[in-house]
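*Asks:* Sequence:
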Amino acid sequence: MKQSNHVSLYDKSNVNEVPWESMRDGEYARKYLSACMEEQSDHYIKNVRTQFCAITLDDLVMPVTVNDTEYGNSYVCSPYTHYITYAKDELRMLQMPMWEALMAQALSMLGWMMKTSRINQIAFVNNWLLSTNLYHDLTAEQVQRITRFCETRFPRHLIAFRSVSAKLHPALYQGLQDAGYMMVPSRYVYLFHPDWPAQGGWRVRNTLKRDRQMLEKSGYRIVSHDEIQEGQIERIIDLYNALYLDKYSQQNPQFTDDFIKLALHKRTLTLIGLEKEARLDGILGYFQRNGVMTTPLFGYDVTLPKETGLYRMLSSLLVQEAERQGLLLHQSAGVGAFKADRGAVGEVEYTAVWARHLPLYRRGIWTALSDLLEQFGVPLVKKYRL
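In our numbering, the protein residues as written are 1 to 386.
Since the hints were derived computationally from the structure, they do not count as laboratory data. Since the model is a prediction, treat every value here as computed from it, not as a measurement. Every residue, glycine too, gets a C-beta built ideally from N, C-alpha and C. Heads up, some of the hints might be wrong.
To be verified - Estimated spans, in silico, between C-beta atoms of each pair: (1) A340 x Y361: 35 to 45 Å; (2) S218 x G291: 27 to 37 Å; (3) D258 x P170: 29 to 39 Å; (4) D226 x H43: 20 to 30 Å; (5) A337 x H43: 32 to 42 Å; (6) G326 x D226: 14 to 24 Å; (7) A166 x A368: 19 to 29 Å; (8) A171 x G231: 43 to 53 Å; (9) E216 x G180: 24 to 34 Å; (10) K88 x E234: 25 to 35 Å; (11) A340 x M214: 33 to 43 Å; (12) K217 x W196: 20 to 30 Å; (13) H265 x Q51: 19 to 29 Å; (14) G326 x K88: 37 to 47 Å.
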């Protein structure tokens, strides 16, 4: 075990020494993090190869992923994939072949610059290998301690925090800025709180009500976590893959059977399904931390007619779960108009990057990327609610 200013690092060799019982989220973290440290990362997510470890400070335990190149990794631990490969996959949404070709060339050039600057030589703090990382409150002083420790432990690596939001994590956001982190836009996400529809007027309330009524009249049965069986795991993966991999991008996390088994038996995700005539047609899996819930697992049978409304019904289930538990719902990115019509509020999400200990050519690409996205990317997404 390595220590620096009361920050400790654990990996596969000493995972049993982690003081889980004294940590916030200790039992949940033990179930998830110890499993990930004991196995190769691709045991649970096919397209993730990373060195997976954990740090503790005070009463917090957080996973850390460490990479060097791995340009074929999912975006959850590859900045190259996030900003280049995934972006190329999304160009087809423009449905303008000439612009798609020009943008693809520009992205290829930017990608070459990123590889030259070794953008994937990076250590992500609090990286749970899921689409969204949720945080406990971190003070500026804790951020500085983590930064000093990681700078010493990983001297050739960028240090970064994914999924940072000024609205969700104001103290963390400010602490990262004060410490000198570059705040680089990564996604435009949508946040929903049960209290907000009351402020959004009758149209929002009426839309949410119609979604609930659609579910009630659909003939679908809501399947709780405890009712889902191992025999349905293959169907769950098929539903997720058809939406997130086949429809959107292969760069999304590619979950394995063992990932779903872990969720099912250790409740690392809470699973809820929609079933009709003994056939599972919709699935979601969420987890929560510090008053916020998010859904890294979501899928439905895309071969059924759109009028079936599976996306609407699953979204309604999520809203009802948030209402039942009084949680803020992080709805991730995409389908902005749909979410805004139901009371969600858009928010820029950032990757906070520390590179002050590295040469200028390693830092410059992040400065350029931040400026480019702030000036063009964010306004475009806000305007069209993508």
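*Asks:* The structure should be examined with respect to each hint, and the outcome stated for every one.
*Replies:* Status of the hints after comparison with the structure:
In this structure the supplied range 35 to 45 Å holds for A340 paired with Y361, their Cβ-Cβ distance being about 40 Å. Checking the proposed 27 to 37 Å range against S218 and G291 shows it holds: the Cβ atoms sit about 31 Å from each other. Taking 29 to 39 Å as the suggested C-beta distance range, the pair D258 and P170 conforms, at roughly 37 Å. Between D226 and H43 the beta carbons are some 25 Å apart, a value that agrees with the proposed interval 20 to 30 Å.
Distance hint check: the CB atoms of A337 and H43 are about 38 Å apart, consistent with the given range 32 to 42 Å. About 22 Å separates the C-beta atoms of G326 and D226, a value consistent with the hinted range of 14 to 24 Å. Range check, A166 to A368: Cβ separation about 22 Å, and the 19 to 29 Å hint holds. Between A171 and G231 the beta carbon distance is about 45 Å. The supplied range of 43 to 53 Å therefore holds.
Range check, E216 to G180: about 52 Å between beta-carbon atoms, so the 24 to 34 Å window is missed. Checking the proposed 25 to 35 Å range against K88 and E234 shows it holds: the Cβ atoms sit about 30 Å from each other. A340 and M214 have their C-beta atoms about 19 Å apart, which leaves the hinted 33 to 43 Å range violated. Hint check: K217 to W196, Cβ distance near 26 Å, so the stated range 20 to 30 Å holds.
Restraint check, H265 to Q51: a C-beta distance of roughly 26 Å satisfies the suggested window 19 to 29 Å. Here the CB-CB span from G326 to K88 is close to 40 Å, well matched to the stated 37 to 47 Å.
Violated hints, in rising order: 9 and 11; the structure is consistent with all others.
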